[in-house]
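Protein sequence lines correspond, in order, to chains A and B. The first sequence begins at 1 in our numbering and counts up one residue at a time. The second sequence begins at 317 in our numbering and counts up one residue at a time.
Reference listing, derived: stretches of chain B covered by chain A, where coverage requires no fewer than 3 residues with Cβ under 8 Å from a Cβ of chain A: (1) 490-498; (2) 504-511; (3) 608-617; (4) 627-640; (5) 651-659.
Cβ-to-Cβ under 8 Å is the rule here; a few derived chain A residues that face chain B: (6) Leu154; (7) Met156; (8) Leu159; (9) Ala164; (10) Thr167; (11) Gly253; (12) Leu266; (13) Arg270; (14) Val275; (15) Ile290; (16) Leu295.
No lab work stands behind these hints, which were simulated from the structure alone. Backbone N, C-alpha and C fix where the C-beta goes; we use that ideal spot for every residue, glycine too.
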Amino acid sequence: MTAGATPPAPGAAEAGAPGAAGPRALAWRRRRASAVRFWRQYRTRRAGLAGLAALVLFALVALTAPLTVGSGVAGVTDAPGGPLEAPSGEFPLGTDRFGRDLLGLVVWGSRVSLLVGLLAAVLSVVIGAVVGVTAGHFRGVYATVLMRITDWFLVMPALVLAIALATVMSRSLGTVVLAIGVTSWPTTARLVRAQTLAVESRPYIERARALGGGHWHVMTRHVLPNVMPLVLAQTTLMISSSILAEATLAFLGLGDPTVISWGGLLQDAREAGAVSAGDWWYLLPPGIAIAVVALAFTLCGRAVEAVLDPRLGVTR
Amino acid sequence: MQPTAPDAPSAPAGPDPLPAPAGPAVRGPRARTAAAYLRYGVAKAGGAAVSLLAVLVTGFFLFRLIPGDPVRTMTGGRPISAAQLAAYREEFGLDLPVWEQFTDYCRKALTGDLGTSYQFHAPVVDKIGEALPNTLLLTGTAFVIYTALGMYLGTRSAWRHGRFGDRLNTGLALTLYSVPSFWLGLLAIIVFGVGLGPVPGLFPTGGMESGGEQGLAHVLDVAHHLVLPVLTLVAVEYGQTLLVTRSALLDEMGSDYLTTARAKGLRDDLVRRRHAVPNALLPTVTLVFVNLGRTVAGVILVETVFSWPGLGGLFYQALSVPDLPLVQGLFLFFASAVIVMNTLADLLYPLLDPRVGR
Numbered sequence: 001m002t003a004g005a006t007p008p009a010p011g012a013a014e015a016g017a018p019g020a021a022g023p024r025a026l027a028w029r030r031r032r033a034s035a036v037r038f039w040r041q042y043r044t045r046r047a048g049l050a051g052l053a054a055l056v057l058f059a060l061v062a063l064t065a066p067l068t069v070g071s072g073v074a075g076v077t078d079a080p081g082g083p084l085e086a087p088s089g090e091f092p093l094g095t096d097r098f099g100r101d102l103l104g105l106v107v108w109g110s111r112v113s114l115l116v117g118l119l120a121a122v123l124s125v126v127i128g129a130v131v132g133v134t135a136g137h138f139r140g141v142y143a144t145v146l147m148r149i150t151d152w153f154l155v156m157p158a159l160v161l162a163i164a165l166a167t168v169m170s171r172s173l174g175t176v177v178l179a180i181g182v183t184s185w186p187t188t189a190r191l192v193r194a195q196t197l198a199v200e201s202r203p204y205i206e207r208a209r210a211l212g213g214g215h216w217h218v219m220t221r222h223v224l225p226n227v228m229p230l231v232l233a234q235t236t237l238m239i240s241s242s243i244l245a246e247a248t249l250a251f252l253g254l255g256d257p258t259v260i261s262w263g264g265l266l267q268d269a270r271e272a273g274a275v276s277a278g279d280w281w282y283l284l285p286p287g288i289a290i291a292v293v294a295l296a297f298t299l300c301g302r303a304v305e306a307v308l309d310p311r312l313g314v315t316r
Numbered sequence: 317m318q319p320t321a322p323d324a325p326s327a328p329a330g331p332d333p334l335p336a337p338a339g340p341a342v343r344g345p346r347a348r349t350a351a352a353y354l355r356y357g358v359a360k361a362g363g364a365a366v367s368l369l370a371v372l373v374t375g376f377f378l379f380r381l382i383p384g385d386p387v388r389t390m391t392g393g394r395p396i397s398a399a400q401l402a403a404y405r406e407e408f409g410l411d412l413p414v415w416e417q418f419t420d421y422c423r424k425a426l427t428g429d430l431g432t433s434y435q436f437h438a439p440v441v442d443k444i445g446e447a448l449p450n451t452l453l454l455t456g457t458a459f460v461i462y463t464a465l466g467m468y469l470g471t472r473s474a475w476r477h478g479r480f481g482d483r484l485n486t487g488l489a490l491t492l493y494s495v496p497s498f499w500l501g502l503l504a505i506i507v508f509g510v511g512l513g514p515v516p517g518l519f520p521t522g523g524m525e526s527g528g529e530q531g532l533a534h535v536l537d538v539a540h541h542l543v544l545p546v547l548t549l550v551a552v553e554y555g556q557t558l559l560v561t562r563s564a565l566l567d568e569m570g571s572d573y574l575t576t577a578r579a580k581g582l583r584d585d586l587v588r589r590r591h592a593v594p595n596a597l598l599p600t601v602t603l604v605f606v607n608l609g610r611t612v613a614g615v616i617l618v619e620t621v622f623s624w625p626g627l628g629g630l631f632y633q634a635l636s637v638p639d640l641p642l643v644q645g646l647f648l649f650f651a652s653a654v655i656v657m658n659t660l661a662d663l664l665y666p667l668l669d670p671r672v673g674r
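Pulled out of the complex, with its shape left as it was, chain B reads as follows (with noise of 0.2 Å):
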């Protein structure tokens, strides 16, 4: 949008549904596309407001309304007296009708009250916020690491594919994606944490820090628990971006530009840099993006295996009680999350590539 700033006050003042190819060149192609982005952008935000209130009604009858009582599921079938069966029922509003009970649940909901977890006594709101930084840490560094290096060797693989590496690295990829992460997790563990024969524990077993340690000493005893599950993460996760990527490069090799570049007598890589690879880039993007719900299972898993202290181990902790408040609160948190990210992905995408949003 900044770029456009010069043009932008004219982009309303033209109620202009149908703009001729021949109208006003002066204040041409740049206020109809700030007009068309805004009208995209309202498009995407309103489809997300729609999601997320499903999430929310989701969220709502999931919890209530599934065969089995709350109580029930919450005291594991362990008999308790009618009397507190009751006062459980009407600490958790479950004796109001269920309009009310919903009506009260989206108000609370919207307000930032997710109701108190009865496994730590804290609003659930409170949880997830100390829990949410050791995430986004966790999730931010492998999110990095294993794009690029999906990637760069997608990239790779596409260009010579069919050849040994691709064969290799495709077979690499498709064998650690049916690897369950939690599994790959523990032989870490065993492996690097616990020590195996000759190699002795080099990291930690699990946990985000050994406590104690102030400023640097701090920050490099964070980031030495941070490899493994690290690792592990990136293991599981950067098979799916090199996949998407390759088949996305894939679909564009056959293309006449691409002739068109070496003809012009350009340099193998220079094609693949300069034309292939920004035209694969669009549908890798989406992906990645869209494959995020699967980056938070990856997160829950590996979170729970490493002791790291962030929502996914909430989520573990949480569902092992069941903790229901706290299980509704993270579900809520996780589903509004993923949808929040596709949107911004969303409204990233015409900046990327001009086809989209017109």
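Next up, chain A with everything else stripped away, as it sits in the complex (with noise of 0.2 Å):
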């Protein structure tokens, strides 16, 4: 888990070599060792491990479903069954109102979905660190100014500015992951500026500095090893909140049209009158696939986050 967490050096390839005691293989064996120690303690974290394993069930689906089910079944014009067919053997969940097989609906739209929450998590989590380690590391008004910002952005009713953003723009993924993004960072500038500033407040990066270390040297070198921990957990976590807020800005209608995601799954069956059809079959799988996924990331989240408790300093 950590391995994606630790900075890639060029040193990787002599990683392995046994006994070197160069600097970089030294750094090398410590993470590997950390990352070891990550494992054994999440490994007894059952809520984790469960969140874990449904992820990479999901994962799976996502990837293989140009296989298993083909970019085919979005089409509206061959569709094989009739509109709104109860779940049968033949479509195991029923079709949609163009008499598209929902199961595979559910399938292909997992990739957009989950490659839409991961997007907006990441350019979100980004967006955090960069704020909170630059208003950790420099002082005064600058800092003053930026928390003011994240202050501001943490009170606004993300939703709504992102829905704002979404309106006046144009239709697209980008867009979604964009609003998204923009609105949902200002928590993780919170934590990661607190981890900064007790970081900073350490002896070595006094050592650090009098050897002639700059802003940039601090900052890449010494606060980002240390926060990353905590952004990893804060990625996790952000995935299921973003999840979420694209299902719904599909379902609101500021979605891409031209693609299939759960959230817009959603919104054609509340279009074609599901509701008060009563059509339940309609509704229960692209929720029920939300609801799993968004619960599995929060739970990997919770379960990185005990590991790492960032109230006890860093595991390193």
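Please dock the two separately framed chains into a single complex, following the hints provided.
Next comes the structure, spelled out in structure tokens:
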């Protein structure tokens, strides 16, 4: 898990070399050891493991979707069934209002929902981390102004802001990613700033400064690796809320109408009158998929957070 | 402020920035508290004013300078003639220089003119005024229920943390927290509104009133319509309060003063209610208010799903057109409302917890 969080160094190849005493190799050995320690602690959390298992399953389904269902499932013109058929042997989850196979649509929709959730979360966490690290590193007016802006965004109703953004921009996945990303970063910024302040007060930062390390060196080489675990946990939690936000925007008709996503399927269902007709089987699968994935990411995030409890300092 | 009234006149009279502990004991701590509270209040109100100004500016730039012509967005890409385009541009003042547009917009917004909705051909302010009471009814009812429920269950959970009840509570809260609120609302309509299998439709599927009733019958009718939206809103929002209360109380659990209270021989129940919970209350109240933004999102979706004639339903109608003056007006309203509520909460804290605001 932490392998993705550690900054890739050019010395990756020599990491396996036994007994290499270079500082790079030493750093890598320490990182590997901390990854192993992390995994050992993570393994003891049952909820986190369940979340991880669900995520692996959904990732496999999304990645293999071109092989299992293919992009043809989204075509309206040559739909295999009649409109709004209840679940049967041929269509295990029934058909949608165009007669398309609902199971195939839910599988195909996982790609967009996961991708948008992932991208929006990464965008949001990157903004949050940059704001947090710089606000923690540079004190004074800059930090004050930055934190005022952060607090402002924190209080703002994020969905209202995202809706306003998505309304004035063109309907596309990029818009959705942007709208979610730029409205959801302040929590990350606050957490990262607090951690940065804690790290910056350590003696080795003073040492680095005394040896002539500039702002860039201190921030990227000393602060960033130390806030990375926190950022990782935050990303996992953010993906969960981004997937929910994506579904919400799609449901409100602000998503890209040309792609299949879980929120879009729910909007289709509502527009097709599935609610007043009592067609519960149309509504159930996309909603359950959203809830399970969001819950899985939340469980993973909480487990990661518990293992690396920021209040107890960074595990390293 | 009220209890400090006898001392209040002395508060502004004493320009004593560093009150020594050995100072005049007669007009002592109360006057200082009032002065400190006043300073704190003014600082908070100033911050809120800046935030409101930022909302105003954002509202302007969001709807005018974003790539894409507002008129084009409004017409939804339908081809219109150059003359029509020019007429629209003039109607919304888009032919003026940006700076003039901005000052014009600020002057109008500050005098309560948010423009005219081109969907309803009515002033945006009037539409908001019509919908506001309905939203307050729905949100207020739900807010009271989910805050009380979340705090009660959160306290229970933390006090018996790690037990089965705690795991069940936390698990359920997390699950409901991960469920899209609009989806839960749709399911509630199918099961309890339309009726599913043996379950008959018990509640109306949407709207706020059937129409035609008077007096008590009308009140009961509205209450009948209120059940499903409130239940949905409570279900998706209580988990947040529960988790916050739980972690705030868990932070207090290891404290020495609780051991002292127990050593005095107090009943477990009293230790919880009188000693632990009051101290855990402040972070909880803070987060309940910070999370109001999230509640706004829940309200918009629930009102949309249940066709509740409130601000959320109005917002949905506005953005599906899109009716930009209405979207903008509601954006300004939602954002300002949340900021004002947060400021009120800030002003309340010192009264809840004397450690704040010194």
